[in-house]
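Q: Each chain, letter by letter, is given below.
Protein chains: 2
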Amino acid sequence: MNIAIPVFDGLTALDAVGPYEVLSRVPGATVRFLAATTGPVRTETGMLALLADATFDELTEPEVVVVPGGRVTRRLMDDEQTLGWLRRAHESSQWTTSVCTGSLLLAAAGILDGLQATTHWLELDTLARYGAHPVSQRVVEQGKVITAAGVSAGIDMALTLAARIAGEQTAQAIQLGMEYDPQPPFDCGSPTKAPKEIVDLVRAATLSRSP
Amino acid sequence: MNIAIPVFDGLTALDAVGPYEVLSRVPGATVRFLAATTGPVRTETGMLALLADATFDELTEPEVVVVPGGRVTRRLMDDEQTLGWLRRAHESSQWTTSVCTGSLLLAAAGILDGLQATTHWLELDTLARYGAHPVSQRVVEQGKVITAAGVSAGIDMALTLAARIAGEQTAQAIQLGMEYDPQPPFDCGSPTKAPKEIVDLVRAATLSRSP
Chain W
-5 MNIAIPVFDG
5 LTALDAVGPY
15 EVLSRVPGAT
25 VRFLAATTGP
35 VRTETGMLAL
45 LADATFDELT
55 EPEVVVVPGG
65 RVTRRLMDDE
75 QTLGWLRRAH
85 ESSQWTTSVC
95 TGSLLLAAAG
105 ILDGLQATTH
115 WLELDTLARY
125 GAHPVSQRVV
135 EQGKVITAAG
145 VSAGIDMALT
155 LAARIAGEQT
165 AQAIQLGMEY
175 DPQPPFDCGS
185 PTKAPKEIVD
195 LVRAATLSRS
205 P
Chain P
-5 MNIAIPVFDG
5 LTALDAVGPY
15 EVLSRVPGAT
25 VRFLAATTGP
35 VRTETGMLAL
45 LADATFDELT
55 EPEVVVVPGG
65 RVTRRLMDDE
75 QTLGWLRRAH
85 ESSQWTTSVC
95 TGSLLLAAAG
105 ILDGLQATTH
115 WLELDTLARY
125 GAHPVSQRVV
135 EQGKVITAAG
145 VSAGIDMALT
155 LAARIAGEQT
165 AQAIQLGMEY
175 DPQPPFDCGS
185 PTKAPKEIVD
195 LVRAATLSRS
205 P
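Protein sequences, first through last, are from chains W and P. Each residue of the first sequence is one higher than the last, beginning at -5 in the numbering used here. Each residue of the second sequence is one higher than the last, beginning at -5 in the numbering used here.
Listed below are the simulated EDC-like cross-link pairs for lysine to aspartate or glutamate, each with C-alpha atoms no more than 20 Å apart in a straight line:
#: 1; chain 1: P; residue 1: Lys190; chain 2: W; residue 2: Glu162
#: 2; chain 1: W; residue 1: Lys190; chain 2: P; residue 2: Glu162
#: 3; chain 1: W; residue 1: Lys138; chain 2: W; residue 2: Glu55
#: 4; chain 1: P; residue 1: Lys187; chain 2: W; residue 2: Glu162
#: 5; chain 1: W; residue 1: Lys138; chain 2: W; residue 2: Asp107
#: 6; chain 1: P; residue 1: Lys138; chain 2: P; residue 2: Glu57
#: 7; chain 1: P; residue 1: Lys138; chain 2: P; residue 2: Glu85
#: 8; chain 1: P; residue 1: Lys138; chain 2: P; residue 2: Glu162
#: 9; chain 1: W; residue 1: Lys138; chain 2: W; residue 2: Glu162
#: 10; chain 1: P; residue 1: Lys138; chain 2: P; residue 2: Glu55
#: 11; chain 1: P; residue 1: Lys138; chain 2: P; residue 2: Asp107
#: 12; chain 1: W; residue 1: Lys187; chain 2: P; residue 2: Glu162
Listed below are several chain P residues computed to face chain W (Cβ distance under 7 Å; list not exhaustive):
#: 13; residue: Glu15
#: 14; residue: Val25
#: 15; residue: Gly144
#: 16; residue: Ala167
#: 17; residue: Gln169
#: 18; residue: Gly171
#: 19; residue: Gln177
#: 20; residue: Pro179
#: 21; residue: Gly183
#: 22; residue: Ser184
#: 23; residue: Ala188
#: 24; residue: Ile192
Hints in this document: simulated from the structure, not taken from any laboratory. We treat Cβ as the ideally placed atom computed from N, Cα and C, and that holds for glycine.
Next up, chain W with everything else stripped away, as it sits in the complex (with noise of 0.2 Å):
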């Protein structure tokens, strides 16, 4: 089973390495990491460079396909390669995914036309101009598309999908394996949970930063 995460300069590092960390678990799969062309892909903050290993273009088949985001997602928008890779990719796959920002991409190459879907909390309206019904919700499944809340939801996601594609008993085998027992010194996950002083100043940050 090929699971192929496309990576982009820009992208958010966890959104890709979380789900990674899951399904490379997951017995008989391959994940790979595909860009338009092989070689190191900068995440967001230039601090830190994964290895594209892969390029579009020979992988363009997989069962499952995990889209990151970051904030150049918007810029991608309207980038025909990434989304005629996605289309084509979505055609066959079993499963087509996205952690935070990655369902923007989605939405752009029109996959998630009329299903429920989410984002990161702070770019549910954008999903909505494109065709989706955000939801303010961790993991959305429809039927084989499976999106996710920002950045840390991709590490729930990939442990959904594991349960369907090799069974809830490998899923929590992975989970334990991971030691994913979480226990977050703060109750602020959330906009829903944090102070609204702490809500205010993420805000105003993505203008420089997140999500």
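Fit chain P to the supplied structure of chain W, relying on the hints for placement.
A: Relative to chain W, chain P alone:
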């Protein structure tokens, strides 16, 4: 503030990228991925490479050290180049931290002598053999030394550390920016919570894969 993440072939990607995602959002922080030589470093599956942008010699006095793990750490426990760099960096660091079996390297370097510490749940015994007092806890703080449990625990550790470095409000804003409101599909992320058959499955699989 320089935050150094030493990386090595065979590391577990999320051990490094979870803390990177949090700490790169701390205002004024620069995260640098270091290795013996610069260039691609393959994770344990071989399916992903991170780029080391600097050598150990280029950054000997980082303010923060984050040591990731992976099965390979057992082999590195007598690697004098790695241990020497850790000892030297720890002398002047403000914070010395680890994720998963990264703590085995800290222990081998003598940094955990007599301290409480944690690691992946499968390796707590190994930690004890190297002079630390193992604790089954997600994040263990001992002065400037902070160790985290397996793989995904690095995110919780890094948020704890971000609060120490930059204050709780900033750490909370980072958590919200990453939408870290975890909702794992199963409640089996620790050996005390998982069904016995899942624990046995992971124990058996570690011969070939985890932690």
